[in-house]
Amino acid sequence: MKRSNWTYCAFVLPAFLFYALFMLYPLITSLGLSFFSWNGYGAKTFVGFDNFVTLFTNPAYSERFFGALKNNTLFFLYTIVLQNGIALLLAAFVNMRRMRGMKFFRSIFFIPCTLSIIVVGYIWTLIYNPLWGPLNFGLNAVGLSALKQPWLGSEKTALIAVAVANAWQYTGTPMIMLLAGMQAIPDELYEAADLDGAGAWKQFWKLTFPLIAPVMFIISTIVFVSNYSAFEIIYAMVGSTGSPNYATDILGTFFYRICFGQRLGLQPNMGVGAAIATCMFLIIGVGVVLWFRYYGKDSEL
Amino acid sequence: MKKFLSMFLVLVLAFSLVACSAGTQPAESTEATTPAEESSAAPAAEPVTLRFTGWRTEDENAINAMNELFMAENPNIKVVYEPVQATEYDTYLQTALANGTAADIIMMRSYSSGKTVYSGGKILDLSTENVPNLSMFPASAINAWSSDGKSFAVPAGMTIEGVHYNKAIFDACGITKTPDTVEELLQDCQIIKDAGYLPIAGGIAEAWYVSEEITSSILMATVGSSDWVKSLYAKEIDFTDPAYVTMLSTLQKLTAFYPDFYEGLGYEDSQNLFITGQAAMYMSGSFELQYFTETNPDLQLGCFAFPGQTAAPTAINFTAAIGVGVYADSPNLEAALTYVNWLASKEGGEAYANGVLGFFSPNSEATALTNDLSKAWIGLTAGKETIHMLGYETMTESSPDYSTAVADTVYQMCVNHLTPEQAAAYMQQQMSWYFE
Numbered sequence: 001m002k003r004s005n006w007t008y009c010a011f012v013l014p015a016f017l018f019y020a021l022f023m024l025y026p027l028i029t030s031l032g033l034s035f036f037s038w039n040g041y042g043a044k045t046f047v048g049f050d051n052f053v054t055l056f057t058n059p060a061y062s063e064r065f066f067g068a069l070k071n072n073t074l075f076f077l078y079t080i081v082l083q084n085g086i087a088l089l090l091a092a093f094v095n096m097r098r099m100r101g102m103k104f105f106r107s108i109f110f111i112p113c114t115l116s117i118i119v120v121g122y123i124w125t126l127i128y129n130p131l132w133g134p135l136n137f138g139l140n141a142v143g144l145s146a147l148k149q150p151w152l153g154s155e156k157t158a159l160i161a162v163a164v165a166n167a168w169q170y171t172g173t174p175m176i177m178l179l180a181g182m183q184a185i186p187d188e189l190y191e192a193a194d195l196d197g198a199g200a201w202k203q204f205w206k207l208t209f210p211l212i213a214p215v216m217f218i219i220s221t222i223v224f225v226s227n228y229s230a231f232e233i234i235y236a237m238v239g240s241t242g243s244p245n246y247a248t249d250i251l252g253t254f255f256y257r258i259c260f261g262q263r264l265g266l267q268p269n270m271g272v273g274a275a276i277a278t279c280m281f282l283i284i285g286v287g288v289v290l291w292f293r294y295y296g297k298d299s300e301l
Numbered sequence: 001m002k003k004f005l006s007m008f009l010v011l012v013l014a015f016s017l018v019a020c021s022a023g024t025q026p027a028e029s030t031e032a033t034t035p036a037e038e039s040s041a042a043p044a045a046e047p048v049t050l051r052f053t054g055w056r057t058e059d060e061n062a063i064n065a066m067n068e069l070f071m072a073e074n075p076n077i078k079v080v081y082e083p084v085q086a087t088e089y090d091t092y093l094q095t096a097l098a099n100g101t102a103a104d105i106i107m108m109r110s111y112s113s114g115k116t117v118y119s120g121g122k123i124l125d126l127s128t129e130n131v132p133n134l135s136m137f138p139a140s141a142i143n144a145w146s147s148d149g150k151s152f153a154v155p156a157g158m159t160i161e162g163v164h165y166n167k168a169i170f171d172a173c174g175i176t177k178t179p180d181t182v183e184e185l186l187q188d189c190q191i192i193k194d195a196g197y198l199p200i201a202g203g204i205a206e207a208w209y210v211s212e213e214i215t216s217s218i219l220m221a222t223v224g225s226s227d228w229v230k231s232l233y234a235k236e237i238d239f240t241d242p243a244y245v246t247m248l249s250t251l252q253k254l255t256a257f258y259p260d261f262y263e264g265l266g267y268e269d270s271q272n273l274f275i276t277g278q279a280a281m282y283m284s285g286s287f288e289l290q291y292f293t294e295t296n297p298d299l300q301l302g303c304f305a306f307p308g309q310t311a312a313p314t315a316i317n318f319t320a321a322i323g324v325g326v327y328a329d330s331p332n333l334e335a336a337l338t339y340v341n342w343l344a345s346k347e348g349g350e351a352y353a354n355g356v357l358g359f360f361s362p363n364s365e366a367t368a369l370t371n372d373l374s375k376a377w378i379g380l381t382a383g384k385e386t387i388h389m390l391g392y393e394t395m396t397e398s399s400p401d402y403s404t405a406v407a408d409t410v411y412q413m414c415v416n417h418l419t420p421e422q423a424a425a426y427m428q429q430q431m432s433w434y435f436e
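Here the protein sequences come in this chain order: A and B.
Position one of the first sequence corresponds to residue 1 (this note's numbering), numbered consecutively onward.
Position one of the second sequence corresponds to residue 1 (this note's numbering), numbered consecutively onward.
Any given hint might turn out to be false.
No farther apart than 27 Å at their CA atoms in a straight line, the calculated lysine-lysine pairs in the DSS-like style are these [as the list claims (entries may be wrong)]:
(1) A:K44 to B:K115
(2) A:K202 to A:K103
(3) B:K150 to B:K346
(4) B:K193 to A:K148
(5) B:K235 to B:K115
(6) B:K150 to A:K44
(7) B:K253 to A:K148
(8) B:K167 to B:K253
(9) B:K177 to B:K375
(10) B:K115 to B:K230
(11) B:K253 to B:K193
(12) B:K150 to B:K115
(13) B:K375 to B:K346
(14) B:K253 to A:K156
(15) B:K193 to B:K177
Don't read these hints as lab results, they were simulated from the structure.
Build out the structure end to end from the sequences listed, making use of the hints.
Spelled out as structure tokens, the structure:
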């Protein structure tokens, strides 16, 4: 029996309608909003590219925008190193055949992923508390009191402190993905490698790693997309003001402040906010396309 | 084809993530306003339930107790107080008004912040016609909650900014007299520090706390008269003025007596250090009284006005803090107006001031206070000019607003070691939009 294209369309239609209503429609309207001046409830005025001009030329906005972009990039790099690095080590660890209790560890490492971001953020702010937080307390106890820091209060450490909390929470997901990749590698390959006299270290780098590279690639893409649109963990830990001194101000918090998070009297500026969201969208879209162009050629996606 | 498909899929993923972050407004508001029991538009004489929203989470018990007084007189009206975290309140209110889920009675901030909310057209105009007791207030109080001559809230609570101190620690250090000058204050701080206590509980991690509770108190004591504020607003002087530099350098000297890592401490950290009796002094407002006395009744509280530079201060900082307005689309307008009119009366004003310690009704007849600490705080204003804190009446129209700018300035001075003069120049540079 041959089905017509219409049959396929009919099956896709419900999902597409749902997607269009909750994804495409808000996306397109918020892109459109960037050409209007609007305070969130009054009348909208069409202003052309004025919002983008303000965003890029008015120092009150442009300094914050490029600062946030820089912080986003740092946040992405920190996450790649911390989250994926640790996930790789953990996956290799729980994939070891000769160890017992690995199922237990697998669950343990995955548990943080199931916690609410607010909970994780709150716990880590307690850990980082400069007065009585266990981190400074622990440093003191082992005689490293010189290393004590106001972790979330210093420009130097605040962003990386948040990145650590974020990596702690999400390491489980890439670990599971990498583990699945590792377990898909046939045992025969390792047996052959054993026979050829390759040690564990060599087996990992010459055999395991190349075969899980496609998984790494997908993970990095997800981290890229989620980090350039990050907001929740920063908001949960240091609020939306980018404190201290905008060291934790990323595009998401900047967008939130301009759009509707202003305190005391400033009108919400939906137009410039939408312009920021449009820029975020372009950065992520262009970034992903380039990423696939140059690194995704050989991947089996 | 495969690659195109995958690229498309990833783009879709990217789309959706951005769309989510760009489109969260409606989602956020439904989350923020849990659909409380819909107070159905009931015919008269049927009991109605009024929702009252505000940012004073600390005063929930006290406000509920005050509402009991109202409900005893008006058995047909039930008032439910639903507070929202202060730092989230403005965002919450804007979205709730925009999507029609706002409470019937709404706590309003004064001056430009309140005006912004009012300008959305969702807050009822109040006048002596619908709220007769508005006539009980002096013009200065009415002005704080009006826009182009139209009142949008009943003035309910003024607060005073100063220094809380722990009498037990002062006694233990042999300090018998509260300081009148900054020099005396610094000497006292040294004595307290030498005795092994923390002199001042404070931190600069939160902008509003730096702006409203730390710098504002020092500034008003330093300038000593509202003329300075008037000439600043009139752009005759700017932030490089010697008085502003003096304010910054005073704060710089005080931070030597702040806790370690104070740059990472926020409002609640500072508050906790003081409530738990670890610190001798805490700069904040009278509005802390209710929370402090509820949380640690054993704390021996005292207060003094922030000292002057060379002599006892002649001015003190106050805030037109709590106004109460009515949601224009409320289905229970009549009951809501009954409530705010009661709040504006002598009886209601006293119920607020005595129920929620540390807030003072601007109603000139509502002066009977029962609590000694409240009396002590209002006593601080005797013989001094009361000046409203900066950054409320104006200087909020563009970005960065005064509050954000001064917090950034203080951070630059304390952490990145700008001198007070450099910091004042930095402040002026940030606020240059106001002087253009």
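Check the structure against each numbered hint from earlier and tell me which ones fail, lowest number first. Hint check: nothing fails, all pass.
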